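At position 251 of the sequence shown the residue is numbered 291 (my numbering), and the sequence of numbers has no breaks.
Fair warning: there could be bad hints in the mix.
[What the hints assert, rightly or not] Here are the simulated distance ranges between beta carbons:
# : residue 1 : residue 2 : range
1 : Glu274    : Leu61     : 22 to 30 Å
2 : Asp303    : Arg162    : 39 to 47 Å
3 : Arg128    : Glu271    : 35 to 43 Å
4 : Glu274    : Pro96     : 33 to 41 Å
5 : Asp126    : Lys293    : 26 to 34 Å
6 : Arg226    : Ser50     : 19 to 27 Å
7 : His245    : Thr266    : 45 to 53 Å
Read the hints as simulated data drawn from the structure, not as lab findings. These figures come from a predicted structure and were not determined experimentally. Think of the CB as a built atom: it goes at the ideal place given N, C-alpha and C, for glycine as much as any other residue.
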Amino acid sequence: MSDWLPGDPSDRPRVGAATDLRFLERPAAFCEHVGALGLEHVEFKRGYLGSRSTPPAARLGAIAAEYGLTVSMHVPFRDCNVAAFDPRTRHAAVETIQETITDAAAADALAVVVHGGSVPARYPDHVTSRAREGAIESLQTLTAHAERVGVPLALENQPRTDRDRRFTTTPDDLAAMCEAVDTVERSLDVTLDVGHATASGQDWHRYVDRFGDRIRAVHMHDNDGTRDAHEPFEDLASVLDAVSADYAVFEVKSLDDLQACVDAAR
(Lines of atoms letter the chains of each structure in order from A and count residues from 1; the text may use other names and numbers.)
(Lines give C-alpha, C1' and ligand atoms only; values in the text may rest on other atoms or scores of the structure.)
Protein backbone atom coordinates (compact mmCIF):
# COMPACT_ATOMS: atom_id res chain seq x y z
CA MET A 1 0.00 0.00 0.00
CA SER A 2 1.24 3.51 -0.83
CA ASP A 3 2.64 5.54 2.06
CA TRP A 4 1.14 8.79 0.77
CA LEU A 5 -2.08 8.05 -1.11
CA PRO A 6 -5.19 8.42 1.08
CA GLY A 7 -7.14 5.46 2.38
CA ASP A 8 -7.55 2.02 0.90
CA PRO A 9 -7.49 1.68 -2.92
CA SER A 10 -10.60 -0.48 -2.70
CA ASP A 11 -12.48 2.66 -1.59
CA ARG A 12 -11.21 5.06 -4.30
CA PRO A 13 -9.68 5.01 -7.78
CA ARG A 14 -6.28 3.33 -7.93
CA VAL A 15 -3.75 6.03 -8.84
CA GLY A 16 -1.13 5.42 -11.48
CA ALA A 17 0.60 6.57 -14.65
CA ALA A 18 0.31 5.99 -18.38
CA THR A 19 3.20 5.00 -20.62
CA ASP A 20 4.54 7.30 -23.33
CA LEU A 21 7.11 6.85 -26.09
CA ARG A 22 8.97 9.91 -24.83
CA PHE A 23 9.87 8.08 -21.63
CA LEU A 24 12.00 5.58 -23.58
CA GLU A 25 11.38 3.04 -20.83
CA ARG A 26 10.96 -0.72 -21.17
CA PRO A 27 7.66 -1.91 -19.64
CA ALA A 28 9.42 -3.55 -16.70
CA ALA A 29 11.54 -0.47 -16.02
CA PHE A 30 8.50 1.77 -16.16
CA CYS A 31 6.56 -0.48 -13.80
CA GLU A 32 9.48 -0.42 -11.38
CA HIS A 33 9.59 3.38 -11.57
CA VAL A 34 5.83 3.73 -11.05
CA GLY A 35 5.90 1.36 -8.10
CA ALA A 36 8.82 3.23 -6.53
CA LEU A 37 6.77 6.44 -6.66
CA GLY A 38 4.14 4.78 -4.50
CA LEU A 39 1.63 4.54 -7.34
CA GLU A 40 -0.74 1.61 -7.83
CA HIS A 41 -1.60 1.28 -11.51
CA VAL A 42 -0.06 1.41 -14.98
CA GLU A 43 -1.84 2.05 -18.27
CA PHE A 44 -0.04 0.61 -21.28
CA LYS A 45 -0.64 2.38 -24.58
CA ARG A 46 -0.75 -0.53 -27.00
CA GLY A 47 0.44 1.55 -29.93
CA TYR A 48 3.67 2.26 -28.04
CA LEU A 49 4.50 -1.40 -27.42
CA GLY A 50 5.68 -2.21 -30.93
CA SER A 51 9.18 -3.34 -30.01
CA ARG A 52 10.11 -6.94 -30.71
CA SER A 53 11.31 -7.14 -27.11
CA THR A 54 7.87 -6.28 -25.70
CA PRO A 55 6.69 -9.27 -23.66
CA PRO A 56 3.36 -11.01 -24.37
CA ALA A 57 0.26 -9.46 -22.84
CA ALA A 58 -0.06 -11.98 -20.03
CA ARG A 59 3.55 -11.33 -19.10
CA LEU A 60 2.90 -7.57 -19.05
CA GLY A 61 0.21 -8.14 -16.46
CA ALA A 62 2.52 -10.35 -14.43
CA ILE A 63 5.35 -7.79 -14.56
CA ALA A 64 3.02 -5.07 -13.29
CA ALA A 65 1.80 -7.35 -10.51
CA GLU A 66 5.40 -7.89 -9.37
CA TYR A 67 5.47 -4.20 -8.47
CA GLY A 68 2.03 -4.20 -6.89
CA LEU A 69 0.39 -2.55 -9.90
CA THR A 70 -2.89 -3.23 -11.63
CA VAL A 71 -3.10 -2.75 -15.40
CA SER A 72 -5.22 -1.14 -18.09
CA MET A 73 -4.64 -0.73 -21.82
CA HIS A 74 -5.20 2.13 -24.24
CA VAL A 75 -5.91 1.02 -27.80
CA PRO A 76 -3.74 2.36 -30.66
CA PHE A 77 -4.97 5.77 -31.79
CA ARG A 78 -2.34 7.39 -34.02
CA ASP A 79 -2.94 4.90 -36.82
CA CYS A 80 -6.34 3.46 -35.87
CA ASN A 81 -9.44 5.54 -36.54
CA VAL A 82 -12.75 3.83 -35.79
CA ALA A 83 -14.44 6.48 -37.95
CA ALA A 84 -12.17 6.14 -41.00
CA PHE A 85 -14.08 7.05 -44.18
CA ASP A 86 -12.65 4.16 -46.19
CA PRO A 87 -14.35 0.92 -45.02
CA ARG A 88 -11.23 -1.20 -45.48
CA THR A 89 -9.18 1.17 -43.34
CA ARG A 90 -11.88 1.24 -40.69
CA HIS A 91 -12.20 -2.53 -40.61
CA ALA A 92 -8.43 -2.87 -40.27
CA ALA A 93 -8.54 -0.47 -37.33
CA VAL A 94 -11.28 -2.51 -35.68
CA GLU A 95 -9.28 -5.73 -36.09
CA THR A 96 -6.21 -4.11 -34.55
CA ILE A 97 -8.23 -2.79 -31.62
CA GLN A 98 -9.85 -6.19 -31.10
CA GLU A 99 -6.36 -7.63 -30.70
CA THR A 100 -5.64 -5.04 -28.02
CA ILE A 101 -8.85 -5.94 -26.19
CA THR A 102 -7.88 -9.62 -26.30
CA ASP A 103 -4.41 -8.73 -25.00
CA ALA A 104 -5.97 -6.67 -22.22
CA ALA A 105 -8.02 -9.64 -21.08
CA ALA A 106 -4.86 -11.78 -21.04
CA ALA A 107 -3.15 -9.13 -18.91
CA ASP A 108 -6.10 -9.10 -16.48
CA ALA A 109 -6.68 -5.42 -17.28
CA LEU A 110 -9.21 -3.35 -15.37
CA ALA A 111 -10.33 -1.66 -18.60
CA VAL A 112 -9.50 -0.80 -22.20
CA VAL A 113 -9.62 2.85 -23.28
CA VAL A 114 -10.83 3.67 -26.80
CA HIS A 115 -11.30 6.87 -28.80
CA GLY A 116 -14.51 7.67 -30.67
CA GLY A 117 -12.95 8.54 -34.01
CA SER A 118 -12.62 11.70 -36.06
CA VAL A 119 -12.87 13.16 -39.54
CA PRO A 120 -11.09 16.24 -40.96
CA ALA A 121 -13.17 19.36 -40.33
CA ARG A 122 -12.72 20.49 -43.94
CA TYR A 123 -14.72 17.51 -45.24
CA PRO A 124 -18.38 18.06 -46.21
CA ASP A 125 -21.24 17.23 -43.85
CA HIS A 126 -22.23 14.02 -45.63
CA VAL A 127 -18.72 12.64 -45.07
CA THR A 128 -18.88 13.57 -41.39
CA SER A 129 -22.25 11.83 -41.05
CA ARG A 130 -20.97 8.70 -42.73
CA ALA A 131 -17.85 8.71 -40.57
CA ARG A 132 -19.93 8.97 -37.40
CA GLU A 133 -22.09 6.05 -38.56
CA GLY A 134 -18.90 4.09 -39.13
CA ALA A 135 -17.67 4.96 -35.65
CA ILE A 136 -20.92 3.69 -34.12
CA GLU A 137 -20.67 0.43 -36.06
CA SER A 138 -17.03 0.02 -35.06
CA LEU A 139 -17.71 0.65 -31.39
CA GLN A 140 -20.64 -1.77 -31.38
CA THR A 141 -18.35 -4.47 -32.76
CA LEU A 142 -15.66 -3.65 -30.22
CA THR A 143 -18.08 -3.53 -27.29
CA ALA A 144 -19.37 -6.97 -28.23
CA HIS A 145 -15.82 -8.32 -28.42
CA ALA A 146 -14.93 -6.79 -25.06
CA GLU A 147 -18.01 -8.44 -23.57
CA ARG A 148 -16.94 -11.81 -24.98
CA VAL A 149 -13.43 -11.67 -23.52
CA GLY A 150 -14.54 -10.12 -20.23
CA VAL A 151 -12.91 -6.69 -20.10
CA PRO A 152 -14.69 -3.30 -19.88
CA LEU A 153 -14.37 -0.94 -22.86
CA ALA A 154 -14.32 2.74 -21.85
CA LEU A 155 -14.94 5.49 -24.43
CA GLU A 156 -12.84 8.61 -23.86
CA ASN A 157 -13.83 12.26 -24.24
CA GLN A 158 -11.59 13.85 -26.87
CA PRO A 159 -10.23 17.42 -27.04
CA ARG A 160 -11.78 19.86 -29.47
CA THR A 161 -9.54 20.95 -32.36
CA ASP A 162 -9.96 23.19 -35.39
CA ARG A 163 -8.43 20.56 -37.66
CA ASP A 164 -10.67 17.58 -36.90
CA ARG A 165 -14.29 16.93 -36.07
CA ARG A 166 -14.25 14.55 -33.12
CA PHE A 167 -17.36 12.79 -31.93
CA THR A 168 -16.85 12.73 -28.15
CA THR A 169 -15.68 16.20 -27.11
CA THR A 170 -18.56 17.56 -25.00
CA PRO A 171 -20.69 15.73 -22.43
CA ASP A 172 -23.61 15.84 -24.87
CA ASP A 173 -21.52 14.43 -27.74
CA LEU A 174 -20.11 11.67 -25.57
CA ALA A 175 -23.55 10.78 -24.23
CA ALA A 176 -25.00 10.69 -27.75
CA MET A 177 -22.27 8.33 -28.93
CA CYS A 178 -22.76 6.03 -25.94
CA GLU A 179 -26.51 6.01 -26.51
CA ALA A 180 -26.02 5.14 -30.19
CA VAL A 181 -23.65 2.27 -29.36
CA ASP A 182 -25.43 0.79 -26.33
CA THR A 183 -27.76 -2.17 -26.69
CA VAL A 184 -29.94 -4.05 -24.23
CA GLU A 185 -27.21 -6.69 -23.88
CA ARG A 186 -24.15 -4.45 -23.45
CA SER A 187 -23.01 -0.87 -23.00
CA LEU A 188 -19.88 1.24 -23.11
CA ASP A 189 -18.13 2.55 -20.03
CA VAL A 190 -16.53 6.00 -20.03
CA THR A 191 -13.01 7.34 -19.64
CA LEU A 192 -12.96 10.89 -18.27
CA ASP A 193 -9.94 12.81 -19.56
CA VAL A 194 -9.65 15.90 -17.37
CA GLY A 195 -7.17 17.67 -19.65
CA HIS A 196 -9.24 17.01 -22.76
CA ALA A 197 -12.24 18.56 -21.03
CA THR A 198 -10.24 21.69 -20.19
CA ALA A 199 -8.86 21.96 -23.73
CA SER A 200 -12.45 21.76 -25.02
CA GLY A 201 -13.67 24.59 -22.80
CA GLN A 202 -15.54 22.20 -20.51
CA ASP A 203 -15.53 21.85 -16.74
CA TRP A 204 -14.61 18.22 -16.15
CA HIS A 205 -17.11 18.02 -13.30
CA ARG A 206 -19.86 18.21 -15.94
CA TYR A 207 -18.79 14.76 -17.17
CA VAL A 208 -18.92 13.43 -13.61
CA ASP A 209 -22.42 14.84 -13.20
CA ARG A 210 -23.51 13.34 -16.52
CA PHE A 211 -21.92 9.89 -16.35
CA GLY A 212 -21.40 9.19 -12.64
CA ASP A 213 -20.61 5.54 -11.93
CA ARG A 214 -20.29 4.87 -15.66
CA ILE A 215 -16.81 6.46 -15.50
CA ARG A 216 -14.43 3.53 -15.36
CA ALA A 217 -11.13 5.39 -15.85
CA VAL A 218 -9.67 8.89 -15.49
CA HIS A 219 -6.76 10.50 -17.35
CA MET A 220 -5.16 13.40 -15.49
CA HIS A 221 -3.11 16.20 -17.07
CA ASP A 222 -3.46 19.96 -17.38
CA ASN A 223 -3.38 22.82 -19.89
CA ASP A 224 -4.31 26.49 -20.20
CA GLY A 225 -7.48 25.81 -22.17
CA THR A 226 -5.98 26.62 -25.58
CA ARG A 227 -4.41 23.27 -26.49
CA ASP A 228 -4.01 19.70 -25.28
CA ALA A 229 -0.60 20.26 -23.66
CA HIS A 230 -0.45 17.33 -21.19
CA GLU A 231 1.20 19.42 -18.48
CA PRO A 232 1.53 18.12 -14.89
CA PHE A 233 -1.75 17.75 -13.01
CA GLU A 234 -1.59 19.11 -9.46
CA ASP A 235 -5.06 18.48 -8.02
CA LEU A 236 -5.31 14.73 -7.51
CA ALA A 237 -7.45 15.20 -4.41
CA SER A 238 -10.25 16.78 -6.45
CA VAL A 239 -10.44 13.72 -8.70
CA LEU A 240 -10.37 11.25 -5.83
CA ASP A 241 -13.14 13.21 -4.10
CA ALA A 242 -15.38 13.50 -7.17
CA VAL A 243 -15.00 10.30 -9.18
CA SER A 244 -15.71 6.68 -8.28
CA ALA A 245 -13.68 5.17 -11.14
CA ASP A 246 -11.58 2.02 -10.95
CA TYR A 247 -8.38 3.94 -11.63
CA ALA A 248 -6.96 7.39 -12.41
CA VAL A 249 -3.63 7.82 -14.22
CA PHE A 250 -1.33 10.78 -14.75
CA GLU A 251 -0.89 11.12 -18.52
CA VAL A 252 2.10 13.43 -18.98
CA LYS A 253 5.08 13.87 -21.30
CA SER A 254 8.11 13.05 -19.17
CA LEU A 255 9.23 11.28 -16.02
CA ASP A 256 10.03 14.70 -14.53
CA ASP A 257 6.41 15.75 -15.16
CA LEU A 258 5.22 12.54 -13.52
CA GLN A 259 7.38 13.33 -10.51
CA ALA A 260 5.84 16.82 -10.40
CA CYS A 261 2.36 15.29 -10.28
CA VAL A 262 3.35 13.04 -7.39
CA ASP A 263 5.12 15.84 -5.51
CA ALA A 264 2.05 18.08 -5.80
CA ALA A 265 -0.18 15.31 -4.44
CA ARG A 266 1.96 14.38 -1.44
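Discussion item. Tell me if the beta carbons of Arg226 and Ser50 are separated by a distance inside 19 to 27 Å.
Written reply: holds (26 Å)
Worksheet item: Does the Cβ distance between Asp126 and Lys293 fall inside 26 to 34 Å?
Response: For Lys293 against Asp126, whose Cβ atoms are near 32 Å apart, the range 26 to 34 Å holds.
Worksheet item: Honestly, do Arg128 and Glu271 meet the 35 to 43 Å range at C-beta?
Response: holds (38 Å)
Worksheet entry | Glu274 paired with Pro96, Cβ distance criterion 33 to 41 Å | The hint (33 to 41 Å, Cβ to Cβ) holds, given that Glu274 and Pro96 are roughly 36 Å apart.
Worksheet item: Using the C-beta atoms of His245 and Thr266, is the stated range 45 to 53 Å upheld?
Response: violated (20 Å)
Worksheet item: Between Glu274 and Leu61, does the beta-carbon spacing fit 22 to 30 Å?
Response: holds (24 Å)
Worksheet item: Between Asp303 and Arg162, does the beta-carbon spacing fit 39 to 47 Å?
Response: 43 Å Cβ-Cβ, so the 39 to 47 Å window holds.
Hint compliance for this structure: hint 7 is the single one not met.
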